[in-house]
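J.: Residue numbers (full-length UniProt numbering): 1 to 214.
No lab work stands behind these hints, which were simulated from the structure alone.
Just so you know, not all the hints are guaranteed correct.
The calculated label-pair distances, taken between Cβ atoms and stated as ranges, are [said to hold, decoys possible]:
1) Arg107 to Val147: 23 to 33 Å
2) Asp109 to Glu207: 18 to 28 Å
3) Gly171 to Gln45: 46 to 56 Å
4) Glu172 to Pro56: 50 to 60 Å
5) Gly170 to Cys144: 28 to 38 Å
6) Ala146 to Leu58: 41 to 51 Å
7) Thr59 to Ala36: 12 to 22 Å
8) Gly40 to Gly171: 43 to 53 Å
9) Trp137 to Glu57: 25 to 35 Å
No residue lacks a Cβ here, since even glycine has one placed at the ideal position from N, Cα and C.
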Amino acid sequence: MSDAATPAEDEQPQAGGLAALVAARLCHDLISPLGAIGNGVELMQLTAAPGTEPPPELTLIGESVSAARARISCFRIAFGPASGEQRLSKSELESLLRDMAAGGRLRIDLDSQGDQTRAEVKLLLLALNCLETALPWGGRVLVCRAVPGWRLVAEATRTKPDPALWAWIGGEPCLRRQNTTPAEVHFPVFAAEAAAQGRQPRWEVDETGAEIAF
1 MSDAATPAED
11 EQPQAGGLAA
21 LVAARLCHDL
31 ISPLGAIGNG
41 VELMQLTAAP
51 GTEPPPELTL
61 IGESVSAARA
71 RISCFRIAFG
81 PASGEQRLSK
91 SELESLLRDM
101 AAGGRLRIDL
111 DSQGDQTRAE
121 VKLLLLALNC
131 LETALPWGGR
141 VLVCRAVPGW
151 RLVAEATRTK
161 PDPALWAWIG
171 GEPCLRRQNT
181 TPAEVHFPVF
191 AAEAAAQGRQ
201 PRWEVDETGA
211 EIAF
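Assemble the whole structure, with the sequences as input and the hints as a guide.
T.: Next comes the structure, spelled out in structure tokens:
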């Protein structure tokens with residue numbers, strides 16, 4: 001094959017960009033069948049005999065489908081591509097944070113006004129994933145918009161600190177855990193996205209709370 005048929009190196013998608021596109025594609029393709037399942041469950045509930053409660057199994061399926069759809073909607077922004085031109089309204093952000101907390105153990109409160117860029121929301125959701133890892137037994141997170149960035153403050157009865165994992169967000173590269181698992185991938189993804197946006201995040205984790213600022 002001639003060189004003319006090969007795209008120039010600077011036209012090739014970067015690995016990080018390809019991963020984001022794959023994540024967006026997977027989330028997009030999973031949302032539709034989950035929506036169909038949810039609609040089917042609702043129809044089955046509506047056709048129940050008058051005066052009777054739907055079977056608990058059906059209620060459980062409906063709740064699980066709703067939680068899965070909410071989670072995938074968050075993942076689509078957190079791990080998908082984010083253009084600096086795209087913006088989300090406050091109501092859209094509040095809806096995403098409700099989705100983030102749906103079926104989980106975190107309570108998330110938002111203190112922010114106005115629209116936000118999709119790139120900022122992407123970092124915000126990745127940061128919340130990191131806090132969720134630090135608070136596996138649940139807790140409360142206050143998300144504050146403060147010039148010139150964001151501050152996420154989490155409180156809990158106990159946390160699960162992991163300095164080698166948090167070193168991805170800020171710390172010596174030699175301290176970072178390189179063999180991160182799929183359940184921890186949001187840490188290096190957050191670090192890469194923060195660097196791409198020219199941000200220097202800060203973090204702190206103690207026995208009863210955690211904080212991320214960027």
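J.: With reference to the structure, classify each hint as holding or not holding.
T.: Results for each hint:
Taking 23 to 33 Å as the suggested C-beta distance range, the pair Arg107 and Val147 conforms, at roughly 25 Å. For Asp109 and Glu207, the Cβ-Cβ distance of about 22 Å falls inside the hinted range of 18 to 28 Å, so the restraint holds. At roughly 50 Å, the beta carbons of Gly171 and Gln45 sit within the given window of 46 to 56 Å. For the pair Glu172 and Pro56, the beta carbons lie near 51 Å from each other, so the given range of 50 to 60 Å is met.
For Gly170 and Cys144, the Cβ-Cβ distance of about 19 Å falls outside the hinted range of 28 to 38 Å, so the restraint is violated. Here the CB-CB span from Ala146 to Leu58 is close to 45 Å, well matched to the stated 41 to 51 Å. Between Thr59 and Ala36 the Cβ separation comes to about 18 Å, which falls inside the hinted range of 12 to 22 Å. For Gly40 and Gly171, the Cβ-Cβ distance of about 48 Å falls inside the hinted range of 43 to 53 Å, so the restraint holds.
Under the hint 25 to 35 Å, the C-beta atoms of Trp137 and Glu57, about 28 Å apart, fit the expected range.
In terms of the numbered hints stated before, the structure departs from hint 5 and from no other.
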